Amino acid sequence: MKVNHREINPDKRIAMIAAMELKGYRSCFVGIGIPSDTACLAKDTIEPNINLIYESGAIGAMPKTKSYSTGSPSIAHRSDMITDSFSVFSDLQAGRIDVGLLSAAQIDIFGNLNSTVIGGYQNPKVRMVGSGGAHDIACLIPNLIILMPHDPRRFVEKVDFITSPGSGAAFDKLRVKYQLGKGPSILITDKAKFVMSPSGWNLDSILDDFTYEEAVEGIPWKLSVSNKRIKIDQDILSKVDSISGL
Amino acid sequence: MKVNHREINPDKRIAMIAAMELKGYRSCFVGIGIPSDTACLAKDTIEPNINLIYESGAIGAMPKTKSYSTGSPSIAHRSDMITDSFSVFSDLQAGRIDVGLLSAAQIDIFGNLNSTVIGGYQNPKVRMVGSGGAHDIACLIPNLIILMPHDPRRFVEKVDFITSPGSGAAFDKLRVKYQLGKGPSILITDKAKFVMSPSGWNLDSILDDFTYEEAVEGIPWKLSVSNKRIKIDQDILSKVDSISGL
Amino acid sequence: MIEKLSNLHDAIKKNVSSDDLIFIGGFGHLIPFYLTHELIRQNINNLSICRSGADILFDQLIASGIIKKVIFGYIGNPTVGLSHSFNRAYKFNTIEIEEWTNQSIIMRLHAARMGIDFIPSKILQIGDLPENIQFIKKIISPYTGQEYSAIPSLKPDVALIHAQQADKYGNVQMWGIDGDTVEGALASDRIIVSVERIIDNKEIKESPEKTIIPSHRVTNIVELPWGAYPSYVSGFYSRDDQHYISYDSLSRNESELERYLNEWVINVDNIELYMEKIGKENRLSLEKGLCGTLDES
Amino acid sequence: MIEKLSNLHDAIKKNVSSDDLIFIGGFGHLIPFYLTHELIRQNINNLSICRSGADILFDQLIASGIIKKVIFGYIGNPTVGLSHSFNRAYKFNTIEIEEWTNQSIIMRLHAARMGIDFIPSKILQIGDLPENIQFIKKIISPYTGQEYSAIPSLKPDVALIHAQQADKYGNVQMWGIDGDTVEGALASDRIIVSVERIIDNKEIKESPEKTIIPSHRVTNIVELPWGAYPSYVSGFYSRDDQHYISYDSLSRNESELERYLNEWVINVDNIELYMEKIGKENRLSLEKGLCGTLDES
Chain X
1179 MKVNHREINP
1189 DKRIAMIAAM
1199 ELKGYRSCFV
1209 GIGIPSDTAC
1219 LAKDTIEPNI
1229 NLIYESGAIG
1239 AMPKTKSYST
1249 GSPSIAHRSD
1259 MITDSFSVFS
1269 DLQAGRIDVG
1279 LLSAAQIDIF
1289 GNLNSTVIGG
1299 YQNPKVRMVG
1309 SGGAHDIACL
1319 IPNLIILMPH
1329 DPRRFVEKVD
1339 FITSPGSGAA
1349 FDKLRVKYQL
1359 GKGPSILITD
1369 KAKFVMSPSG
1379 WNLDSILDDF
1389 TYEEAVEGIP
1399 WKLSVSNKRI
1409 KIDQDILSKV
1419 DSISGL
Chain H
1179 MKVNHREINP
1189 DKRIAMIAAM
1199 ELKGYRSCFV
1209 GIGIPSDTAC
1219 LAKDTIEPNI
1229 NLIYESGAIG
1239 AMPKTKSYST
1249 GSPSIAHRSD
1259 MITDSFSVFS
1269 DLQAGRIDVG
1279 LLSAAQIDIF
1289 GNLNSTVIGG
1299 YQNPKVRMVG
1309 SGGAHDIACL
1319 IPNLIILMPH
1329 DPRRFVEKVD
1339 FITSPGSGAA
1349 FDKLRVKYQL
1359 GKGPSILITD
1369 KAKFVMSPSG
1379 WNLDSILDDF
1389 TYEEAVEGIP
1399 WKLSVSNKRI
1409 KIDQDILSKV
1419 DSISGL
Chain D
18 MIEKLSNLHD
28 AIKKNVSSDD
38 LIFIGGFGHL
48 IPFYLTHELI
58 RQNINNLSIC
68 RSGADILFDQ
78 LIASGIIKKV
88 IFGYIGNPTV
98 GLSHSFNRAY
108 KFNTIEIEEW
118 TNQSIIMRLH
128 AARMGIDFIP
138 SKILQIGDLP
148 ENIQFIKKII
158 SPYTGQEYSA
168 IPSLKPDVAL
178 IHAQQADKYG
188 NVQMWGIDGD
198 TVEGALASDR
208 IIVSVERIID
218 NKEIKESPEK
228 TIIPSHRVTN
238 IVELPWGAYP
248 SYVSGFYSRD
258 DQHYISYDSL
268 SRNESELERY
278 LNEWVINVDN
288 IELYMEKIGK
298 ENRLSLEKGL
308 CGTLDES
Chain V
18 MIEKLSNLHD
28 AIKKNVSSDD
38 LIFIGGFGHL
48 IPFYLTHELI
58 RQNINNLSIC
68 RSGADILFDQ
78 LIASGIIKKV
88 IFGYIGNPTV
98 GLSHSFNRAY
108 KFNTIEIEEW
118 TNQSIIMRLH
128 AARMGIDFIP
138 SKILQIGDLP
148 ENIQFIKKII
158 SPYTGQEYSA
168 IPSLKPDVAL
178 IHAQQADKYG
188 NVQMWGIDGD
198 TVEGALASDR
208 IIVSVERIID
218 NKEIKESPEK
228 TIIPSHRVTN
238 IVELPWGAYP
248 SYVSGFYSRD
258 DQHYISYDSL
268 SRNESELERY
278 LNEWVINVDN
288 IELYMEKIGK
298 ENRLSLEKGL
308 CGTLDES
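Residue numbers (our numbering), protein chains in the order written: chain X, 1179 to 1424; chain H, 1179 to 1424; chain D, 18 to 314; chain V, 18 to 314.
Please note: incorrect hints may appear among the correct ones.
Below, computed lysine-lysine pairings styled on DSBU-like, alpha-carbon distance capped at 35 Å [as the list claims (entries may be wrong)]: (1) D/K219 x H/K1201; (2) X/K1336 x D/K31; (3) X/K1242 x D/K294; (4) X/K1360 x D/K155; (5) D/K222 x V/K155; (6) D/K155 x V/K155; (7) H/K1201 x D/K85; (8) X/K1355 x D/K31; (9) V/K155 x H/K1351; (10) V/K219 x D/K219; (11) X/K1244 x V/K219; (12) D/K297 x H/K1201; (13) X/K1244 x D/K227; (14) D/K219 x D/K30; (15) V/K108 x H/K1244; (16) V/K227 x H/K1242; (17) H/K1417 x D/K227; (18) D/K31 x D/K294; (19) X/K1417 x V/K227; (20) H/K1351 x D/K85; (21) H/K1303 x H/K1180; (22) V/K155 x X/K1221; (23) X/K1417 x V/K219; (24) X/K1201 x V/K30; (25) X/K1417 x V/K185; (26) X/K1201 x V/K227; (27) D/K155 x V/K172; (28) D/K155 x V/K305; (29) V/K31 x X/K1221; (30) D/K222 x D/K85.
Keep in mind that the hints were calculated from the coordinates and are not lab data.
These numbers come from a predicted model, not from an experiment.
Using the sequences and the hints, build the whole thing.
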């Protein structure tokens, strides 16, 4: 099956690329939206052994309809376990959950994420929803993958507010000192994959049918060229349309 | 109904006298044995509003058969709630449980209780079961009632080991400093009731049909005379035989 | 046993006062809309409200002008958008905020539930949040020297929660998603619970594992079927996602929102009117939805 | 999904080593007798064992000479009497002990479960226990100056627990008395669970509230019906109080106890033999007892 990836919608492209990163993990802390959809896609294809954990306390759901809240009926329905948020966050802090997926309104070169305010904290241009569990996941999860639609306004030199701390030079030492997770190591957009280095994100590979220029367009960080191509797993490609939220 | 209390067995006498002390309380932390039986008797008679809380996490049971463990079938069966021990001990520390009942191998004038060793800790004559939840209850519960069979060997000048701290001059100041409960305030034997003062236990009242000499026999503390008599509530008297463990 | 049944008016009137700190239950599931709306109807003001993830019920309370302070980890309309009333109040400085994260709010409640001042945690040590929580302090482990943030306890005066069922003595049974509802209730001094139905104590004793708050901790039980609408109740009715979506657009406009609050809060001053307002057809469709009574999936 | 089913021998062999710290579940209810006896049969020694309230299973392990250290809040034969093997070992200095209280052991496990070093608590500040826990330290609240004991975390290498049922993926379901069983399991690095029966994942999904450990945390599941005898399993069989009473007298005498251990542990090296040893008549009577399958009360 030959597919032109440009014809697939951006959310699905993110989910497909990111799903491939979940291979080998056993437990995944997910929020509603693309993170949840990505994990469902991975579980349905290349990583059936991954357990989806929602902060509402539901574990093991595979929502069949669009979910609005991490506590929605589709998340509770036919889950394997319903515990409480305290228990899930305790497991998170104890290092018992393998990998997390996060998105945000803004991201910078060190993977700092902002979901709090655009502008200053006291007098913002836009006041957003706040951390929720994002700060907690970004601090504590051993492995963190960031998912971002390729909207240049989201990619900034420095986020207006660090809701969820990144890694690299910014926080690596403090992360060791405070026994935190190692912070974001992978960034997936709808066109490319980036990996974290001490000096920030490097372009790792580009989705088939997209150019280097498209992959880095509007991103304010210095990014070297990469010729590596992302090939979507056939099983993922064939099942992406069946994931409820996508 | 005229009863000679000398003809009632000692455990039942303790339970009857102590049950009368539970009037007005809403929640009671109980262990297996006379404490549990006492609370059941009170609930069945003068204080139907009292909720029995076992450290196993069972709440609201009224065991119909003899129970050996705080986790026994009779404690789980037909309880109103089964939570976990963490939850019960948290409620205890937060001051959310009204009253507790404890017994032990030894008691002294300040209500210090010993359930750990007879003799020295490192090389004891008798090694006993240890604190269990007794230390925790003695420290934390707002109101504490001690139940002791009148066996002179149990009443000592100074306990060999303070498993569960008492009150009076010994610990009153530290109890305030550490935000603890006020410690034991009432001691019930099978012949009498004692109340705590800063200088230790005072004899409060004596069960009908027993003499002052019998009530204080073998107790090594200085105790003034009391002419007050304990009259058992008729309802309690008529139902004491129906309590399973007694 | 002491009977805890109450009518809605008295349960709120007797147990909630101006200046109280209120924990509001419901994590997507079991949000106590109708019970909490009574605060608006009785115009009890100067309130502080807290929970981890707050949705449109918080928005409605803020819009009604009875809130002094919001203590939260998240505030919005999940997936749909922002909390517009919160954002207006924030902009015009008509409310105080104390902004945490979901985990830290839950740990604050957990500390209160355990009867201690603080709990050590690894979070809130890096990023911009810690410096905006001006009173947060550090604590050093006496065993390892490890540096933690000291998460201070948060002990609400009152918890308002919704559950499936309770007996008249106050044994409350809940199933499905809990989130931080039980944690917040157990942390609070008084607990007021609205339920879909009152059941016999005999039924409680048949499944004591479903009981999540013991009777002696409960202040009052109020029977309010459909009281969690437009959120949902597992085993009763599903979530009205469309209501949340409509709320996003109408709440952008203050006069439209005022009309909504009149229609859905002020004028529906008994639960039968609320059920009527939801509508027979919509109720049937929600009963057939996921997790509803008539759900056959 | 990864299948977690294992035979008993491999589950213990692969996951427990000499010198491990082991949490053993069961609070009156669900004590994992048969699963834990495998430690004796495989002679894995130098073990440290911990839990809040320990009963005759601890006594049997100590009698078998495989225990280096006991960490406990209570050790005995509930209501019936003392732990005679523990007392002998204590007298002759053949084991180390670390003596706490039930609440402090549970809080130690709770701290480990939460991934922190210690939890502040009001207990263990007065009386003779604190000074006999030589390494216990104090902590001062940075908010109020309140002085607390710092209860250090306790993170076991392995938890051995028994539950009613699980699926092959490792979703474990339990009901009835929990005590500190789930807390101890969640605190541990590896979790081995024996169950009365294996059920289909479909059945798990019908009552997800009964699941108490998620599949990804579970190391192995071993099907061992009657594995909790002489303790009990709600919904399956009642407690054999008489067995506990007999154990008190026989365990006072070392050679009688050796005979008992041969009969009840060494020689019953598969679960069918254990069931046979319990006896058909006794099993039927326990099934009819309180909380048993055939309980009609």
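For each hint, the structure was consulted:
Proposed proximity of D/K219 and H/K1201 is supported: the alpha carbons are some 25 Å apart, at most 35 Å. For the proposed pair X/K1336 and D/K31, the alpha carbon gap of about 51 Å is over 35 Å, so the pair is violated. A distance of roughly 30 Å separates the Cα atoms of X/K1242 and D/K294; the hinted pair therefore holds under the 35 Å criterion. A threshold of 35 Å between alpha carbons decides the hint, and for X/K1360 with D/K155 the separation of about 21 Å falls inside it, so the pair holds.
A C-alpha spacing of about 42 Å is found between D/K222 and V/K155, which places the hinted pair above 35 Å, so the restraint is violated. Between D/K155 and V/K155 the CA atoms are separated by roughly 16 Å; this keeps the pair inside 35 Å, and the hint holds. Of the supplied pair hints, the one linking H/K1201 and D/K85 is violated, its CA atoms being roughly 41 Å apart against a limit of 35 Å. In summary, the hint linking X/K1355 to D/K31 is not supported, as the alpha carbons are separated by about 50 Å, beyond the 35 Å threshold.
Between V/K155 and H/K1351 the alpha-carbon distance is near 18 Å, which keeps this suggested pair within the 35 Å criterion. Taking the CA atoms of V/K219 and D/K219, the gap is about 30 Å. The hint holds against a cut of 35 Å. A hinted pair counts as satisfied when its Cα atoms are at most 35 Å apart, and X/K1244 with V/K219 qualifies at roughly 22 Å. Proposed proximity of D/K297 and H/K1201 is contradicted: the alpha carbons are some 49 Å apart, above 35 Å.
Simply put, X/K1244 and D/K227 have alpha-carbon atoms about 28 Å apart, close enough for the 35 Å limit, and the pair holds. Annotation: proposed proximity of D/K219 to D/K30 holds, straight-line Cα distance about 31 Å (limit 35 Å). Restraint check: the Cα-Cα separation between V/K108 and H/K1244 comes to about 32 Å, which is no more than 35 Å; the hinted pair holds. Note on V/K227 and H/K1242: the hinted pairing holds, with a Cα-Cα distance of about 27 Å set against a maximum of 35 Å.
The straight-line distance between the Cα atoms of H/K1417 and D/K227 is roughly 32 Å, inside the 35 Å bound, and the hint therefore holds. Taking the CA atoms of D/K31 and D/K294, the gap is near 28 Å; set against the 35 Å cutoff, the hint holds. With a CA separation close to 32 Å, the supplied pair X/K1417 and V/K227 stays within the 35 Å bound. A C-alpha spacing of about 39 Å is found between H/K1351 and D/K85, which places the hinted pair above 35 Å, so the restraint is violated.
At roughly 45 Å between alpha-carbon atoms, H/K1303 and H/K1180 are farther apart than 35 Å, so this suggested pair is violated. The suggested pairing of V/K155 with X/K1221 is violated, with an alpha-carbon distance near 47 Å, which exceeds 35 Å. Taken as a hint, the X/K1417 and V/K219 pair is honoured in the structure, with Cα atoms around 23 Å apart against an allowance of 35 Å. Between X/K1201 and V/K30 the alpha-carbon distance is near 29 Å, which keeps this suggested pair within the 35 Å criterion.
Restraint check for X/K1417 and V/K185: satisfied, since their Cα atoms lie roughly 26 Å apart, inside the 35 Å limit. For the given pair, X/K1201 sits about 29 Å from V/K227 by alpha-carbon distance, which is consistent with the 35 Å threshold. Restraint check for D/K155 and V/K172: the C-alpha separation of about 24 Å stays at or below 35 Å, so the hint holds. With a C-alpha separation of about 56 Å, the suggested pair D/K155 and V/K305 falls outside the 35 Å cut-off, and the hint is violated.
For the suggested pair V/K31 and X/K1221, the alpha carbons sit about 28 Å apart, so the restraint of at most 35 Å is met. Between D/K222 and D/K85 the CA atoms are separated by roughly 42 Å; this puts the pair beyond 35 Å, and the hint is violated.
Hints 2, 5, 7, 8, 12, 20, 21, 22, 28 and 30 from the list above are not met by this structure, while the remaining hints are.
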